[in-house]
Each structure stands twice: as C-alpha cells, then as structure tokens.
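If you count by full-length UniProt numbering, then the sequence shown holds residues 1 to 300, one letter each, in order.
If you're looking for bench data, these hints aren't it; they were derived computationally from the structure.
In this text, all values refer to a predicted model and were calculated from it rather than measured experimentally.
A hint or two may mislead.
Claimed, not checked - Restricting the straight-line Cα-Cα distance to at most 30 angstroms, the calculated cross-link-like pairs of lysine-lysine (DSSO-like) are:
1. 170 <-> 53
2. 108 <-> 53
3. 190 <-> 170
4. 108 <-> 56
5. 108 <-> 170
6. 53 <-> 190
7. 170 <-> 56
8. 190 <-> 56
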Amino acid sequence: MPLQIVHHPDYDAGFAVNHRFPMSKYPLLMEALRARGLAIPEALSMPEPAPAKWLKLAHAADYVDQVLACEVPERIEREIGFPVGRRVSLRAQLATAGTVLAARLALKHGIACNAAGGSHHARRAQGAGFCTFNDVAVASLALLAERAVENVLVVDLDVHQGDGTADILKDEPRAFTFSMHGDRNYPARKIASDLDIALPDGTGDAAYLDRLRAILPELSTRRRWDIVFYNAGVDVHAEDRLGRLALSDNGLRARDEMVINHFRTAGIPLCGVIGGGYSTDVPALAARHAILFEAAARCA
Numbered sequence: 001m002p003l004q005i006v007h008h009p010d011y012d013a014g015f016a017v018n019h020r021f022p023m024s025k026y027p028l029l030m031e032a033l034r035a036r037g038l039a040i041p042e043a044l045s046m047p048e049p050a051p052a053k054w055l056k057l058a059h060a061a062d063y064v065d066q067v068l069a070c071e072v073p074e075r076i077e078r079e080i081g082f083p084v085g086r087r088v089s090l091r092a093q094l095a096t097a098g099t100v101l102a103a104r105l106a107l108k109h110g111i112a113c114n115a116a117g118g119s120h121h122a123r124r125a126q127g128a129g130f131c132t133f134n135d136v137a138v139a140s141l142a143l144l145a146e147r148a149v150e151n152v153l154v155v156d157l158d159v160h161q162g163d164g165t166a167d168i169l170k171d172e173p174r175a176f177t178f179s180m181h182g183d184r185n186y187p188a189r190k191i192a193s194d195l196d197i198a199l200p201d202g203t204g205d206a207a208y209l210d211r212l213r214a215i216l217p218e219l220s221t222r223r224r225w226d227i228v229f230y231n232a233g234v235d236v237h238a239e240d241r242l243g244r245l246a247l248s249d250n251g252l253r254a255r256d257e258m259v260i261n262h263f264r265t266a267g268i269p270l271c272g273v274i275g276g277g278y279s280t281d282v283p284a285l286a287a288r289h290a291i292l293f294e295a296a297a298r299c300a
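Work the whole structure out from these sequences, hints included.
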C-alpha cells in the first residue's frame, strides 16, 4: 500500500514570491513527491473545505465566522501575518480538513500525511504566527467528538513552541501535547504544553537526537495512544531563516525516522503534517519537507 498523501492545489494561496511565508513551497513539495515516485494517483486524496462545526470545536465561534466571511479585524490579521482574504480563508479551511482526512486515513492504514498543516500558533480565540486555523487541534477534537479515538498525542517538533495547540487542548484530558522547540524563538510568551523541552540556539544533530531519543519512551508510557499527530516542521534546519537551531538534512531524516518508527513499531497510527519551514531557496525547502514523506513511505 503506498503512503496515503492528502493535498489540494489551493493549499497555495498565491502570495508574492518575496513574502516571508513561502507559499510556493506547497506546489513545489508536490513536485518533489512526484519526482520521488510518492505522489501517484492511488496515494492521493483531496479534502473538501472544513465545515464550520469542526472549526468551532477548537476556535471561538465569532473568530471562525470572521475568517469564513473574510472579515477578520486588522489587529488579528497583523498577528497572523497576512490579510485573510478569500484565498487565505479557503486555504485555511482546506488545510484543516486535510489534516482531518489524513488522520482518518492513518486510522485506516496506519500512517498518512497531509502536504500542509501544522498551524500550531492559532489559538482558541484567534490566529497568529502565519496560522489561521489550528488543523491538528481541530482534527484531534473532531476525532474525539466522533469517538473515533479515545487518546490523542501531539508530537510537535517544529522549531517554534506549539502555543496554540497547547491553548486549545489544555482542558481536554484525552489529548496530550508535547513540544520540543527553540527556547529563545517565537512566541515570546509561550503557553505551556503538557510537556515542553526548550533547546538552546545552535543545537545540532547529535544533541537534538539524543534529547528526542530519551523522551519518546516516556511519551509511550503515559497511556495507550490511539493516534499520534506529528508536526515535522523543518525550521529546525541550520539554513532556515527563522530557526536558530542547526540540524542537517541527515538530522531531519534521522528525526523523522526515529519518531515514525517508534510509534509504528508500537502499532500506533500516525498522522504527519509538515509544519514550518522558511527559506528564500524554496525548492531546497520543499526537498526538506519531502523527507517526512520519504520516511513515512518506508513504514506504509
């Protein structure tokens, strides 16, 4: 069975090429996956926009309505980092639904990935930090509401702390949030996850992988997880513009293989999302994101 991949052409909201958020990485990622023989027809699924009832499980109803109507106050748009027009609103709905669909495919097949997602700075009240809706939080709460799962683990290895996911899921005892991130990076005011590990600037492959290797067994002893959401942000890379850590391509590959193999060996379904990555060399950035899919395909 090929790795199940969720994608949509409207994950790309058409930003200018010099925008700080490299929107063109989404179509370039799909090109990279096709070149690697992963984006084949029988592997691909396409989401419909997420319905408001899903979004309101995780976000304040008035904020959801503002995004859907493209009437987000300028103050919140500044915190998000871009205006929420029609294409951005559609993109947020599709990426969120993509993670829900990838999670369902993971429950069916053992592993699946969304070729977007990981918008972990969107909090209950509003979006922030290039994140409009929090796809992993929405997917977690949707699956819990449907009783498709009973225990959800979020493993967030984006370089930025998963403050929005922590905020949304803090009162949900069936979900556990883990974030390993750069200590001195965004957001300045962090919201405590169930477990946080903060790393110093310049952390490289060996130290990073040692910390991760030590914590994975602890996560597994906390309870029997029904699904793991894995945010495989590549902004931990040494060449990332916003990262401040120092992982190599080989370090990224070892990280993704370590996480995926740990949970799949235990028989736990895993849903991967791509998280953050920021570079002016967008084809190289897309290739870094493709590492998640290569690692996942080996366990499909």
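(message) Just to be careful, I want the Cα atoms of residue 190 and residue 56 compared with a cutoff of 30 angstroms; is the pair within it?
(response) 23 angstroms, holds
Fill in: Straight-line alpha-carbon gap residue 170 to residue 56, limit 30 angstroms
Holds, at roughly 16 angstroms.
key: Satisfaction of hint between residue 170 and residue 108, Cα-Cα up to 30 angstroms   = 27 angstroms, holds
Query raised in the report: Between residue 53 and residue 190, is the straight-line Cα distance small enough, at 30 angstroms or below?
Result: 28 angstroms, holds
Has the given pair, residue 190 with residue 170, been kept, meaning a C-alpha gap of at most 30 angstroms?
13 angstroms, holds
- Query: Between residue 108 and residue 53, is the straight-line Cα distance small enough, at 30 angstroms or below?
  - Reply: 23 angstroms, holds
query: Does residue 53 lie within 30 angstroms of residue 170 when you go C-alpha to C-alpha?
result: 20 angstroms, holds
Is the Cα-Cα distance between residue 108 and residue 56 30 angstroms or less?
25 angstroms, holds
Comparing the model with each earlier hint shows no violations; every hint is respected.
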